[in-house]
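Engineer: Using the sequences and the accompanying hints, generate a full structural model.
As you go down the protein sequences, you meet chains A and B in turn. In terms of our numbering, the first sequence is residues 28 to 270. In terms of our numbering, the second sequence is residues 59 to 164.
No wet-lab data here; the hints were simulated from the structure.
Here chain A is said to cover these stretches of chain B; the calculated rule only asks that three of the stretch's residues, wherever they fall, bring their Cβ under 8 angstroms from a Cβ of chain A:
#, region
1, 97–104
2, 117–123
3, 137–150
Glycine residues also receive a C-beta, built at the ideal position from the N, C-alpha and C atoms.
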Amino acid sequence: MRPAALFWLVAVPLAARAQEPIFVTPPVTMYQFGGVFGLDIERTGRTVAMTSEAALGVLPPWTVSLQGVAIDAPDSPFELARLHVGTRIRLVKVDRPREWLLLSVYGAGALPAGDYAARIAESHGVPDLLIGVSGARMARGGDAFADLSLARVPTLTGNVLAGTFGLAGGWRPRPGGYGDLEGQLFGEARLHYAEGGVLTLGLAPGLLVHSKNKVFKLGVLVPVLRRDADADPTVKVGVKFLL
Amino acid sequence: MKNALVTFALWLGLALPTAAAAQVPSPGDSLRLHVDGMVCSLCAYGVERRLGKLDQVERVKVELDSGLVVVLLNPGAPVSDSTLSEEVRRAGFALRGVQRVKRESR
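Structural biologist: Here is the structure:
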């Protein structure tokens with residue numbers, strides 16, 4: 028499997044507390060001293076990546092997170108691949124009645140986790156450095172998200188630089204009251220480019236269901252355009268709890 | 059001039075306690091906070107958490123469609139607009155206005 032195609036499998040999400048797309052990174056930060064714990068499972072072909080994350084809002088515009096990525100593949104047992112420490116800083120926030128506009132930058136870096144974990148990460152294209160910018164317009168009826176990220180992906184043959192651009196639109200058919208169980212449908216597009224001309228475009232339908240502090244999400248990212256890449260559809264499920 | 063000073067002192071003596079008393083909530087008094095930016099339960103969860111931690115607050119009710127946060131106050135525990143504004147800011151939103159509602163007037 029080629030590295031870029033593997034990066035297609037494992038992106039680096041960072042914690043968010045509001046409605047969030049399934050695959051596109053949102054710009055939302057946690058409220059001050061608010062915590063969140065999340066677990067995502069992605070399956071691509073016969074490879075499964077499990078990402079667990081804990082995040083804390085240090086200041087209203089500043090969230091820090093710790094994330095672990097473990098991978099289960101046919102040729103290797105279920106093993107930790109990376110530990111990431113991440114941060115997100117909100118640069119712009121516009122509050123209007125029932126409308127929220129946000130722009131944030133974020134980054135994540137790998138912590139040392141041992142040679143074995145490093146080899147797993149390199150075999151599966153898990154990035155060790157990532158920076159990005161993300162924006163959103165959120166409203167009662169629906170949301171729109173855009174995200175651009177750059178990542179360094181160590182592989183067994185050297186580092187690869189990769190960029191990902193994502194767009195997502197969310198529609199809330201029946202906006203619920205506070206605390207009500209509420210569903211939101213997402214349509215997402217993710218364009219991924221890596222050094223050497225590797226290009227992948229994927230489209231994803233997604234569903235997010237939440238109450239006031241619990242989230243369940245499900246989405247399928249289907250590659251519709253591939254150049255020099257092997258990319259299978261990715262199924263992702265995730266849960267998140269706000270503390 | 060002397061009369062004016064006496065009048066002012068009397069006014070001060072009468073008016074200040076009255077003003078202070080107006081800030082001290084009676085049983086059933088509440089606040090209606092107009093909060094901009096709230097669009098969903100997950101977003102507004104922080105507002106409930108931040109305001110709910112205040113000693114002066116007995117209960118918080120968020121109304122997403124109207125952008126209102128109704129805060130039921132503990133009797134005898136005044137809370138200032140600046141405190142409310144700060145907590146809403148820490149929750150990630152902006153407080154546009156505060157309406158103090160006496161129990162009798164509802």
